[in-house]
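Engineer: From first to last, the protein sequence lines stand for chains R and B. With the first letter of the first sequence counted as 1, position 95 gets the number 94 in numbering that gives the first Met the number 0; the numbers rise by one all the way through. With the first letter of the second sequence counted as 1, position 261 gets the number 260 in numbering that gives the first Met the number 0; the numbers rise by one all the way through.
These aren't lab readings, by the way, just hints derived from the structure by calculation. It is possible that part of the hints are untrue.
Residues on chain B that point at chain R, a partial pick, calculated with CB under 7 Å [what the hints assert, rightly or not]: (1) 50; (2) 168; (3) 179; (4) 300; (5) 301; (6) 304; (7) 307.
Backbone N, C-alpha and C define an ideal beta-carbon position, used for all residues, glycine too.
Okay, here's what each chain looks like letter by letter:
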Amino acid sequence: MTPFLDMQIGDRVITLMAALVLVLQIAMVSQRWIVVHIRIFAAQSFFLAMIAATIAWYNHAPHIYIAAALTLVVKVILVPILFERLVERMEIHEEIEPIVNVPLSVLISGGLTLVGYVVAESFYKPGEPGLGHNMLAVAISLFLIGFFTMINRRKALTQVLALLSLENGLFLAAISLTYGMPLIVELGIFFDVLVAAMVLGILVYRIRETFESMDVSRLRRLRG
Amino acid sequence: MTGQIIGRILESLAQLCLLLAIAPLVTGVIRALKARMQTRRGPGILQPYRDLYKLFRKGMVIPETASWIFAATPWIVFFSTVLAGLMIPMVAAEAPLGLFGGVLAVIYLLGLGRFFLALSGLDTGSSFGGLGSSREMTISALAEPAMMLAIFTVAIGAGSTSLTQIAGAAIGQNWRFLAPAQMFAFAALALVLIAETGRIPVDNPDTHLELTMIHEAMILEYSGPNLALVEWAASIKQLVLMTLLINCFWPIGLQPTWFGFGALQGIAWLLAKLLFLSCAIVLIETVNAKMRLFRVPELLAVAFTLGSLALISTFLF
Numbered sequence: 000m001t002p003f004l005d006m007q008i009g010d011r012v013i014t015l016m017a018a019l020v021l022v023l024q025i026a027m028v029s030q031r032w033i034v035v036h037i038r039i040f041a042a043q044s045f046f047l048a049m050i051a052a053t054i055a056w057y058n059h060a061p062h063i064y065i066a067a068a069l070t071l072v073v074k075v076i077l078v079p080i081l082f083e084r085l086v087e088r089m090e091i092h093e094e095i096e097p098i099v100n101v102p103l104s105v106l107i108s109g110g111l112t113l114v115g116y117v118v119a120e121s122f123y124k125p126g127e128p129g130l131g132h133n134m135l136a137v138a139i140s141l142f143l144i145g146f147f148t149m150i151n152r153r154k155a156l157t158q159v160l161a162l163l164s165l166e167n168g169l170f171l172a173a174i175s176l177t178y179g180m181p182l183i184v185e186l187g188i189f190f191d192v193l194v195a196a197m198v199l200g201i202l203v204y205r206i207r208e209t210f211e212s213m214d215v216s217r218l219r220r221l222r223g
Numbered sequence: 000m001t002g003q004i005i006g007r008i009l010e011s012l013a014q015l016c017l018l019l020a021i022a023p024l025v026t027g028v029i030r031a032l033k034a035r036m037q038t039r040r041g042p043g044i045l046q047p048y049r050d051l052y053k054l055f056r057k058g059m060v061i062p063e064t065a066s067w068i069f070a071a072t073p074w075i076v077f078f079s080t081v082l083a084g085l086m087i088p089m090v091a092a093e094a095p096l097g098l099f100g101g102v103l104a105v106i107y108l109l110g111l112g113r114f115f116l117a118l119s120g121l122d123t124g125s126s127f128g129g130l131g132s133s134r135e136m137t138i139s140a141l142a143e144p145a146m147m148l149a150i151f152t153v154a155i156g157a158g159s160t161s162l163t164q165i166a167g168a169a170i171g172q173n174w175r176f177l178a179p180a181q182m183f184a185f186a187a188l189a190l191v192l193i194a195e196t197g198r199i200p201v202d203n204p205d206t207h208l209e210l211t212m213i214h215e216a217m218i219l220e221y222s223g224p225n226l227a228l229v230e231w232a233a234s235i236k237q238l239v240l241m242t243l244l245i246n247c248f249w250p251i252g253l254q255p256t257w258f259g260f261g262a263l264q265g266i267a268w269l270l271a272k273l274l275f276l277s278c279a280i281v282l283i284e285t286v287n288a289k290m291r292l293f294r295v296p297e298l299l300a301v302a303f304t305l306g307s308l309a310l311i312s313t314f315l316f
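For reference, chain R alone in the conformation it holds in the complex (with noise of 0.2 Å):
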């Protein structure tokens, strides 16, 4: 049998791409700097529309390689320039400051992780064949670092990225669990994306031309 038809050997290029995804997820926790911060982002998203495109592959289903270029297009591509345009536009030069300091940083991110495992696990039937059973647990885990990452970060394009980085979680949730949604939902999706990042991006710049600074700790304050 040739490997290209070997669903086992298609489960391990996919788990080992979704572990990938996790890594550069805790990259990202661990970065300080805003546009690596960015070009990591690229990285984990291309490495998701890989998997994405794997699964359409093994299992016959083209539907998904649209999803797969889509990803490419919006995430690996469009996002991440337009962000790195506005990066250009404000010059900022700052390193981002998380409000937790980054070992411990890392550290709860890796806990987090576990607690992904260990939700998964309840969901995953043993003895039950597909590809890349373990990325749900993947996907929590993107799911819940995302989430703390915003929540540790304190200015708004940060912010912004973990979103986005939480989103790559749910995409690789819907496509493990559904292997792919019905296309308009899909589309729907990205959609909804490309138009989060430009107008998120566009309410950055508004807070920082307002407040002379993205800290969103400072929009306590009124301002005319």
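Starting from the known structure of chain R, arrange chain B on it as the hints suggest.
Structural biologist: Only chain B this time, still in chain R's reference frame:
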């Protein structure tokens, strides 16, 4: 029975010679490659041998305040490191002194050496020595848990902490290196390798700048043959850790025994893999700047998290 013992002794001698001979070479190759990457000419790859030869012929200066610990440390460090080197599989999957202990013995023999080095740094009463010891201990206290978690992951995969069995299990499975647990463990161990051998994001091995040095600060008071022993032990330790990394995760070319024509092939494979790993280290050293000391725990926290993820995913994937 006697034949077996003699065979074991011969194996140990062969590995001992290999260990002592190529450890300075690895250091030299890394330095030369790094110089090339930075478009310098740099010293030749044989420079560490010349340095050792020169140091062994010099007299030594011993500080007045030093006690017996200062004199004994180079020997303890040297022999514990060599002993650790004999417990790992280098050319053959069977480690020559494997029956005296597995991977835990290797880690703690290296730990023993480090402990005495830190003591000798404090022993002379110089402020730099104490500074170096305190930094070295801080880093190793953080690196050791990460290393243990990564090693345990590998040991669970092989069902034993004996390095002979770990290397044997690694030979058997073709696709194993693609498993997430192995990948996490490899990444964690690679980060620990960088921290433990004092490579650039953590420590700069080429500098004697007071503010940043870690390893060099501890051995500042040593001179002559003592310094040669400490330096030699440091390069052997680097070789041991590199060999541990490549033979646990990437055992291509590992021979079943030391005897026969296969040994030459095994040595060739070992050198090729070491060269590859050296290139990777040089690349990391060149593209990174040294971290501030207070940032080092962040790197090691990443290593620790990767190690624990590795351990979690052995049970779940």
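Engineer: Evaluate each hint against the coordinates.
Structural biologist: Each hint tested on the structure:
The interface hint given for residue 50(B) is violated, since its Cβ lies 37 Å from the closest Cβ of chain R, which is over the 7 Å cut-off. A distance limit of 7 Å between C-beta atoms decides the matter here; for residue 168(B) the minimum to chain R is near 18 Å, and the interface restraint is violated. Nearest Cβ of chain R to the Cβ of residue 179(B): about 3 Å, under the 7 Å cut. The hint holds. At its closest, the beta carbon of residue 300(B) sits 4 Å from a beta carbon of chain R; the interface hint therefore holds under the 7 Å criterion.
For the restraint placing residue 301(B) at the interface with chain R, the shortest Cβ-Cβ distance is roughly 6 Å, inside the 7 Å limit, so the hint holds. Restraint check, residue 304(B) versus chain R: the minimum CB separation of about 4 Å is within 7 Å; hint holds. For residue 307(B), the interface hint holds, the least distance from its beta-carbon to any beta-carbon of chain R being 5 Å, beneath 7 Å.
In this structure, the hints that do not hold are numbers 1, 2, in rising order.
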